[in-house]
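Peer 1: Following the hints, complete the assembly by docking chain B onto the known chain A.
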Amino acid sequence: MTDPIVVAEGLHKSFGDTHALRGLDLSVNRGTVCGVLGPNGAGKTTAIRIFATLSDPDAGHARVAGHDVVREADKVRARIGLAGQYAAVDEKLTGRSNLQMFGRLYHLSRVEARRRADELLERFGLTEAADRPVAGYSGGMRRRLDLITCLIQRPEVLFLDEPTTGLDPRSRGEIWDSVRELVGSGTTVLLTTQYLDEADQLANDIVVIDHGQVIATGTPDELKATIGEQLQVVLEDRTALGPAATVLNDLAGTDPTTSGDDQLSVALPGGRFKLADIVRELDRAGVNAADVRLRRPTLDEVFLRLTDQKEPVG
Amino acid sequence: MTTITSPAGRLRWTFADGLTLIGRELSRLRQEPEQIIAALLFPVIMVVLFGYVFGSAIQVPGGGDYREFLMPGLFAMVTFTSVQGVMGRMAADASLGVMDRFRSMPMARLAVPFGHTGADSVVGVPLLAAMAGTGLLVGWQPHRGLLHTVEAFLLLMLMRYALSWVGVYVGLVAKNEQMVTQLATLFLPVTMLSNAFVPTDGMPTWLRFLADWNPVSALTAASRELFGNPGMAASGHNAWPMEHPVAAVLLWSAALLVVLAPLSLRAYSRRGR
Numbered sequence: 001m002t003d004p005i006v007v008a009e010g011l012h013k014s015f016g017d018t019h020a021l022r023g024l025d026l027s028v029n030r031g032t033v034c035g036v037l038g039p040n041g042a043g044k045t046t047a048i049r050i051f052a053t054l055s056d057p058d059a060g061h062a063r064v065a066g067h068d069v070v071r072e073a074d075k076v077r078a079r080i081g082l083a084g085q086y087a088a089v090d091e092k093l094t095g096r097s098n099l100q101m102f103g104r105l106y107h108l109s110r111v112e113a114r115r116r117a118d119e120l121l122e123r124f125g126l127t128e129a130a131d132r133p134v135a136g137y138s139g140g141m142r143r144r145l146d147l148i149t150c151l152i153q154r155p156e157v158l159f160l161d162e163p164t165t166g167l168d169p170r171s172r173g174e175i176w177d178s179v180r181e182l183v184g185s186g187t188t189v190l191l192t193t194q195y196l197d198e199a200d201q202l203a204n205d206i207v208v209i210d211h212g213q214v215i216a217t218g219t220p221d222e223l224k225a226t227i228g229e230q231l232q233v234v235l236e237d238r239t240a241l242g243p244a245a246t247v248l249n250d251l252a253g254t255d256p257t258t259s260g261d262d263q264l265s266v267a268l269p270g271g272r273f274k275l276a277d278i279v280r281e282l283d284r285a286g287v288n289a290a291d292v293r294l295r296r297p298t299l300d301e302v303f304l305r306l307t308d309q310k311e312p313v314g
Numbered sequence: 001m002t003t004i005t006s007p008a009g010r011l012r013w014t015f016a017d018g019l020t021l022i023g024r025e026l027s028r029l030r031q032e033p034e035q036i037i038a039a040l041l042f043p044v045i046m047v048v049l050f051g052y053v054f055g056s057a058i059q060v061p062g063g064g065d066y067r068e069f070l071m072p073g074l075f076a077m078v079t080f081t082s083v084q085g086v087m088g089r090m091a092a093d094a095s096l097g098v099m100d101r102f103r104s105m106p107m108a109r110l111a112v113p114f115g116h117t118g119a120d121s122v123v124g125v126p127l128l129a130a131m132a133g134t135g136l137l138v139g140w141q142p143h144r145g146l147l148h149t150v151e152a153f154l155l156l157m158l159m160r161y162a163l164s165w166v167g168v169y170v171g172l173v174a175k176n177e178q179m180v181t182q183l184a185t186l187f188l189p190v191t192m193l194s195n196a197f198v199p200t201d202g203m204p205t206w207l208r209f210l211a212d213w214n215p216v217s218a219l220t221a222a223s224r225e226l227f228g229n230p231g232m233a234a235s236g237h238n239a240w241p242m243e244h245p246v247a248a249v250l251l252w253s254a255a256l257l258v259v260l261a262p263l264s265l266r267a268y269s270r271r272g273r
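Protein chains in written order, with full-length UniProt numbering: chain A, 1 to 314; chain B, 1 to 273.
The shape of chain A in the complex, shown without the other chains:
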């Protein structure tokens, strides 16, 4: 069942000679987390800025929560939240006054704004720090405050542009918990990230962008399946390197890569081989293996493979 809440069709956007987006198509279903991955400069932030009405596309169109981001920008703004790469809160004010001020700007009454601020501070564990100026907050606390500022108006769609860049692992974990809680309460989240484990942890669907276009979409599992599995063999005896390489080549159809002088690895198409078969083949060739491992790729490997194909690193 599909119920797209963010839809982009053929988005183009250039800044001078730089083509940030070249015909981006995207669709995010209601109530899901969509992770947008891509190398630096792939167009992730540009896309988010268009969805959040901060930037108009040169061509193509986008609808968010049922409204056109250009023609009905005000209606879109009343239904979204945006947390960017910087904590966009007033450093001089306390956490509580920030939330109250933004509450007023979302046109809550004074009483409602105060109540909503207290409620959010409580729910996201910032009550203790609430009355200190934000300038004294840690990076993680700032991001959390930034995130909950977006929640004041209970957005239908939340756009998170690299929400944990530059945070320590614990703060990242806290932001992840917050995002999971939001999704549990029905908010759709579109998040960009450079951390693939973040996408793996949070996203139902992943969209890989490079050079302003979508180059792959799917669930994390689907994407991993596309590049197959990685077979690693550690030899007991380095003289067996030659025969072992022949066995792996027969299985995979490509030459394995060696690392050190006793390790070999090669990519295998997903799901075709069983570990026991591989061990038997090695055995038949007289190769004594200390360790044989068939490993599913990480999303990092998928990502590198996908973005490599498009253009060589350089």
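There may be inaccurate statements among the hints.
Straight-line Cα separation of at most 25 Å, SDA-like style, residue types lysine to any residue; simulated pairs [unchecked claim]: (1) A:Lys224 to A:His211; (2) A:Lys75 to B:Ala16; (3) B:Lys175 to A:Leu93.
The set of hints was computed from the structure by calculation and includes no laboratory data.
Peer 2: Coordinates of chain B only, in the frame set by chain A:
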């Protein structure tokens, strides 16, 4: 959580959002009482520095006390500080991403510039009062009655409001606190290249031309005229703003507002960056 639709609703929210943002600026000040103290000390330092250090060596044309001559210049100077204050706060909002949050919210477009300029005007009142108080202590006073005195202060406030839009526009376009800091160093030369501290009569002709057309001079001359302070007697001014300083200040204010308010709004709502 209301979507702005009707023009009347828009106007109402522009006003409400502007007030919220004025409140924001004032709470920021409350967090930093040392800022207020520094701002209020500024007039005292200026009066001592110029009134006593420089004043000991400067002759007022047509006679009169130098500190009486000086105070309108200092009123003008403190009025012009509005530009750098607003400019800095605007650029800080833009560089910290706060501006992007405002833009992505269902708020009135006008609210942000109104908030900044409005807050600056609110802050301008105690600054002017502190300057006037210090002036009274060192022997300055208005000589032309209550009406002209009130007119003088209103004129200063009007010019301050108009100037704060210069800060809004430059801050929006610069988007960069460093650049704003560099621009702020122009403040002293610009305010000093005027009749605020010394009569322009003695300047070389080309410099005097610049000084006479400097809006700082118009504001200073207008204050001198309305307060009845010395320095106006120096005749032979042929620059129009020096002959009609009050009109010149009104024109400057109107021109700044008419040109910069729409430009600022365009810069604020310009999307696609």
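Peer 1: Confirm or reject each hint.
Peer 2: Comparing the hints with the structure gives:
no., hint, verdict
1, A:Lys224 to A:His211, "21 Å, holds"
2, A:Lys75 to B:Ala16, "19 Å, holds"
3, B:Lys175 to A:Leu93, "21 Å, holds"
Checked against the numbered hints listed earlier, the structure breaks none of them; every hint is satisfied.
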